[in-house]
Structures are given as C-alpha cells and as structure tokens.
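The numbering used here puts the first residue of the sequence shown at 1, with every later residue one more than the last.
Keep in mind that the hints are not guaranteed to be accurate.
PhoX-like mimics (lysine-lysine), calculated; alpha carbons at most 25 angstroms apart, straight line [said to hold, decoys possible]:
id: 1; residue 1: K16; residue 2: K43
id: 2; residue 1: K43; residue 2: K72
id: 3; residue 1: K27; residue 2: K16
DEER-style ranges, computed between Cβ atoms [to be verified]:
id: 4; residue 1: A35; residue 2: N4; range: 27 to 33 angstroms
id: 5; residue 1: I71; residue 2: E21; range: 16 to 22 angstroms
id: 6; residue 1: K16; residue 2: Q59; range: 28 to 34 angstroms
id: 7; residue 1: E69; residue 2: E21; range: 17 to 23 angstroms
id: 8; residue 1: A36; residue 2: E11; range: 19 to 25 angstroms
id: 9; residue 1: I71; residue 2: N12; range: 17 to 23 angstroms
id: 10; residue 1: G62; residue 2: D18; range: 29 to 35 angstroms
id: 11; residue 1: E11; residue 2: M37; range: 14 to 20 angstroms
id: 12; residue 1: Q34; residue 2: E11; range: 26 to 32 angstroms
id: 13; residue 1: D45; residue 2: S7; range: 30 to 36 angstroms
id: 14; residue 1: T38; residue 2: E69; range: 16 to 22 angstroms
id: 15; residue 1: I71; residue 2: P32; range: 26 to 32 angstroms
Hints are computed from structural coordinates only; laboratory data are not their basis.
C-beta atoms are modelled at their ideal positions from N, C-alpha and C, and glycine is treated no differently.
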Amino acid sequence: MKENLYSGIVENGEFKSDTTECPDAVKLTTMPVQAAMTPDSTKIDLSKYEGQTIKVRGQESGCWIYSAEVIK
C-alpha cells in the first residue's frame with residue numbers, strides 16, 4: 001500500500017483533515033497496517049501539536065493513518 005501525505009489541524013488532541021476519507025478526526029499510529037495488534041497500542045499523542053497545522057505521512061485505513069510520521 002502506498003504512503004500518502006495528509007495536511008490538517010490538531011484540535012482537542014485529534015487530527016482533522018479535509019484530505020482524509022473519514023469525515024471526523026483521524027487517529028494516528030506508528031503501527032503498520034498489517035500488524036496483528038490493535039492500533040491503539042501505538043497511537044501517537046498529538047497534544048504537543050494542539051492548535052497547529054501539521055503534515056502527516058502514512059497509510060489511511062478505517063479512520064486511522066498507519067505507519068504515521070508527523071512531518072510538521
């Protein structure tokens with residue numbers, strides 16, 4: 001699966017972007033899509049980016065961006 005670049009704002013600790021398929025916030029995880037664990041176990045804490053526009057590289061699936069890397 002191809003990695004994409006997403007741009008959005010962090011509000012209330014959640015990543016909100018018009019470029020994702022999910023209409024609300026998208027969660028970010030460092031876990032790859034095919035891992036045999038829940039993505040919550042490696043969820044990225046976005047609190048330090050609160051109110052900021054950030055860029056994220058990763059693979060979107062089901063309101064999660066997997067293998068996520070915050071580029072800022």
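Hints, one by one, checked against the model:
no.: 1; hint: K16 - K43; result: 15 angstroms, holds
no.: 2; hint: K43 - K72; result: 17 angstroms, holds
no.: 3; hint: K27 - K16; result: 9 angstroms, holds
no.: 4; hint: A35 - N4: 27 to 33 angstroms; result: 19 angstroms, violated
no.: 5; hint: I71 - E21: 16 to 22 angstroms; result: 20 angstroms, holds
no.: 6; hint: K16 - Q59: 28 to 34 angstroms; result: 18 angstroms, violated
no.: 7; hint: E69 - E21: 17 to 23 angstroms; result: 19 angstroms, holds
no.: 8; hint: A36 - E11: 19 to 25 angstroms; result: 32 angstroms, violated
no.: 9; hint: I71 - N12: 17 to 23 angstroms; result: 21 angstroms, holds
no.: 10; hint: G62 - D18: 29 to 35 angstroms; result: 18 angstroms, violated
no.: 11; hint: E11 - M37: 14 to 20 angstroms; result: 27 angstroms, violated
no.: 12; hint: Q34 - E11: 26 to 32 angstroms; result: 30 angstroms, holds
no.: 13; hint: D45 - S7: 30 to 36 angstroms; result: 19 angstroms, violated
no.: 14; hint: T38 - E69: 16 to 22 angstroms; result: 20 angstroms, holds
no.: 15; hint: I71 - P32: 26 to 32 angstroms; result: 18 angstroms, violated
When the structure is compared with the earlier hints, violations turn up for hints 4, 6, 8, 10, 11, 13 and 15 and for no others.
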